[in-house]
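From first to last, the protein sequence lines are chains H and V.
Position one of the first sequence corresponds to residue 1 (my numbering), numbered consecutively onward.
Position one of the second sequence corresponds to residue 1 (my numbering), numbered consecutively onward.
In short, the hints are calculated from the structure, not lab data.
Wrong hints could be hidden among the right ones.
Identical copies carry no separate label here, and so any pair may be met within one copy or between two of them.
Simulated pairs of lysine-lysine, DSS-like, Cα-Cα distance not exceeding 25 Å [what the hints assert, rightly or not]:
1) 66 - 296
2) 159 - 114
3) 296 - 74
Predicted, not measured: the structure shown is a model, and the values here were computed from it.
2 protein chains.
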Amino acid sequence: MQFSLIATDTHSAARCGVLHTDHGSIPTPIFMPVGTRASIKSVPTNLLKGLDVHIILANTYHLYLKPGNDIVGKAGGVHRFMNWDGPLLTDSGGYQVYSLSDLRKITEEGVTFKSHLDGSKLQFTPENVVETQRIIGSDIMMPLDECPPSTAERSYVEKSGELTIRWAERARKHFTKISPLYGHKQYQFGITQGGVYEDLRAISSRALVDLDFNGYAVGGMAVGEPAETMYRILELSHTLLPEHKPRYLMGVGTPENILNAIERGIDMFDCVIPTREGRNGRVYTRYGTMNLRSAKFAEDFRPIDEGFDNEVCRSYSRAYIRHLLNVGEIFGLTLCTMQNISFFMWLTATARKEIQRGTFTSWKEQFLREFNSKPDR
Amino acid sequence: MQFSLIATDTHSAARCGVLHTDHGSIPTPIFMPVGTRASIKSVPTNLLKGLDVHIILANTYHLYLKPGNDIVGKAGGVHRFMNWDGPLLTDSGGYQVYSLSDLRKITEEGVTFKSHLDGSKLQFTPENVVETQRIIGSDIMMPLDECPPSTAERSYVEKSGELTIRWAERARKHFTKISPLYGHKQYQFGITQGGVYEDLRAISSRALVDLDFNGYAVGGMAVGEPAETMYRILELSHTLLPEHKPRYLMGVGTPENILNAIERGIDMFDCVIPTREGRNGRVYTRYGTMNLRSAKFAEDFRPIDEGFDNEVCRSYSRAYIRHLLNVGEIFGLTLCTMQNISFFMWLTATARKEIQRGTFTSWKEQFLREFNSKPDR
Numbered sequence: 001m002q003f004s005l006i007a008t009d010t011h012s013a014a015r016c017g018v019l020h021t022d023h024g025s026i027p028t029p030i031f032m033p034v035g036t037r038a039s040i041k042s043v044p045t046n047l048l049k050g051l052d053v054h055i056i057l058a059n060t061y062h063l064y065l066k067p068g069n070d071i072v073g074k075a076g077g078v079h080r081f082m083n084w085d086g087p088l089l090t091d092s093g094g095y096q097v098y099s100l101s102d103l104r105k106i107t108e109e110g111v112t113f114k115s116h117l118d119g120s121k122l123q124f125t126p127e128n129v130v131e132t133q134r135i136i137g138s139d140i141m142m143p144l145d146e147c148p149p150s151t152a153e154r155s156y157v158e159k160s161g162e163l164t165i166r167w168a169e170r171a172r173k174h175f176t177k178i179s180p181l182y183g184h185k186q187y188q189f190g191i192t193q194g195g196v197y198e199d200l201r202a203i204s205s206r207a208l209v210d211l212d213f214n215g216y217a218v219g220g221m222a223v224g225e226p227a228e229t230m231y232r233i234l235e236l237s238h239t240l241l242p243e244h245k246p247r248y249l250m251g252v253g254t255p256e257n258i259l260n261a262i263e264r265g266i267d268m269f270d271c272v273i274p275t276r277e278g279r280n281g282r283v284y285t286r287y288g289t290m291n292l293r294s295a296k297f298a299e300d301f302r303p304i305d306e307g308f309d310n311e312v313c314r315s316y317s318r319a320y321i322r323h324l325l326n327v328g329e330i331f332g333l334t335l336c337t338m339q340n341i342s343f344f345m346w347l348t349a350t351a352r353k354e355i356q357r358g359t360f361t362s363w364k365e366q367f368l369r370e371f372n373s374k375p376d377r
Numbered sequence: 001m002q003f004s005l006i007a008t009d010t011h012s013a014a015r016c017g018v019l020h021t022d023h024g025s026i027p028t029p030i031f032m033p034v035g036t037r038a039s040i041k042s043v044p045t046n047l048l049k050g051l052d053v054h055i056i057l058a059n060t061y062h063l064y065l066k067p068g069n070d071i072v073g074k075a076g077g078v079h080r081f082m083n084w085d086g087p088l089l090t091d092s093g094g095y096q097v098y099s100l101s102d103l104r105k106i107t108e109e110g111v112t113f114k115s116h117l118d119g120s121k122l123q124f125t126p127e128n129v130v131e132t133q134r135i136i137g138s139d140i141m142m143p144l145d146e147c148p149p150s151t152a153e154r155s156y157v158e159k160s161g162e163l164t165i166r167w168a169e170r171a172r173k174h175f176t177k178i179s180p181l182y183g184h185k186q187y188q189f190g191i192t193q194g195g196v197y198e199d200l201r202a203i204s205s206r207a208l209v210d211l212d213f214n215g216y217a218v219g220g221m222a223v224g225e226p227a228e229t230m231y232r233i234l235e236l237s238h239t240l241l242p243e244h245k246p247r248y249l250m251g252v253g254t255p256e257n258i259l260n261a262i263e264r265g266i267d268m269f270d271c272v273i274p275t276r277e278g279r280n281g282r283v284y285t286r287y288g289t290m291n292l293r294s295a296k297f298a299e300d301f302r303p304i305d306e307g308f309d310n311e312v313c314r315s316y317s318r319a320y321i322r323h324l325l326n327v328g329e330i331f332g333l334t335l336c337t338m339q340n341i342s343f344f345m346w347l348t349a350t351a352r353k354e355i356q357r358g359t360f361t362s363w364k365e366q367f368l369r370e371f372n373s374k375p376d377r
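With the rest of the complex left out, here is chain H (with noise of 0.2 Å):
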């Protein structure tokens, strides 16, 4: 996988580069918004690429179950399957399964589960989430990996970790037997484990880095932690993980999260708030958020951020929208998505520039101060 890294920053392990997939290229730092079962929620899909999105995730979990392998490999793979041209990066499921399901049993083979949709009793191993990656047709396949709650003895954890390590070998070995089904090319990330424990970390990524993915995953992060603990996790997995490979940063997060993870060296993230927090009326500009549900905003004729250079900025009123939201129209959760989306683009495209020009580190503290002034004005 070409990563070409393009600058990095003189103050801090922030850097930029370009990540090249069949489906295009995607200049990182970037936010990935969440398409969980091929559709970013509220959002029409031919309207993403007006937002900036580059690259978009779905999960693997969700597809699995529905509408299954079957019909994502009848209809030629999840682009063709939502109409999406671009860039397309897959989880394992393993986090969904760990989350969602109910009685799951994890053994070496790999983990049982029952669906949390109907109850039926289904397997993933780490051989099978890469075929079923493989029928999806994401540019990006995660590993099946074990992520262990925050509250984790360190004994689980470092067994834990190491089972991962196994499923890691298996799913790469696997990954290296197949090919892609549609004509374009796959990649496979790793997953480091380890939980809060530094030895751990290291272990696992030594052990991850010796099998040669095409970039790496920070797993188990943003679990319950604090904060503080996440970015000493991300400074030591810097200095662990190859320079010259992307890597990303799992399910994560606020913007304040994104900057500072972008200061210790990751280069993608993904998390549902703006998509989820968007269904809930609240949206995020420059200056804080704010949750348009509010009356406070009833006859608010300002765009939700004045001066920010959107179609939801440059097109309706924070008044137009607390009347959509008020009276329960659609239109409305479609407006506060795509005003998040489009901002959390920005968040990792200024990111970008600002790295370029070697004022990352002023520009963020600027901005976080700014950001974190007026909360829910």
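Let chain H serve as the given structure and place chain V on it in line with the hints.
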């Protein structure tokens, strides 16, 4: 109001024309999608023109309740509020008072009713309904009328029709005294009543024509009477209404109703069918309707209507949309609604072409044969 008649059918009363407004010209016959509360439900406003939408309808009753005249006025009217720069027609709110609100009481002065939202006591008069639509800024406004149910006795319809005439006089008088608020011209249509009684229809139509409205609606139809009765009234109305003014059949209807009304000289239509049924997963094609929620479409990778030239059919399969509906993704509702709006726009645009070619009647028969041939494939 300038309404240019371009062609009339030699075999029927069908006609095509162009209706000019300050927000653009409208080819007729035309279907107007319904955006009750200043949004076409589930469809982003900026996608409407791509569906060949020329004019939309909004509901005075709903906008009067929420967000209310004060906010609509401060927004600078509904065009600016919702960011729609094409023509906009608003009904008078009368129909919704009769169908949605409680404890309505009709007097000479107007109608008092309780809001269906919060029970507050409100009054619509011929004058204040003009004022509300002046604040909304619709290009075409409708006067307050009473719309009796199809089960009403003749004596009631007669008295009601006389009241509607007196209200129309007051509405027209008030309209001529006011000036538009936002720099674009507003027009006012009359609404004929008289139920299914030809003599009462004639009295109503003649009185309304004397008031010299900018166009005429045939009101009180599609309220439960047989379609044949409606067609008979339309044939009569054709002889009573001025040739060189637009004619609007309110709240109609199915493709069959629309084509049969076009054949009888109607130029304009609005109906919630495409939007409401779209949100239920029912989509319109040239070969009938189908409900995409059905499992039989799970592996059907054809477009909704093969060869139908719109964004939905070019880009998405039945199987994908069925998946979205099946898992509850909002984008599924959006796609079904977009298909239906596009179909209804195609229907009236094609009728227009066929009228110009002189082949409307034979095309209509053939279309209806195909449309009715495969219900719910």
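Hint-by-hint comparison with the structure:
no. : hint      : result
1   : 66 - 296  : between (41 Å within a copy, 15 Å between copies)
2   : 159 - 114 : within (24 Å within a copy, 67 Å between copies)
3   : 296 - 74  : between (50 Å within a copy, 15 Å between copies)
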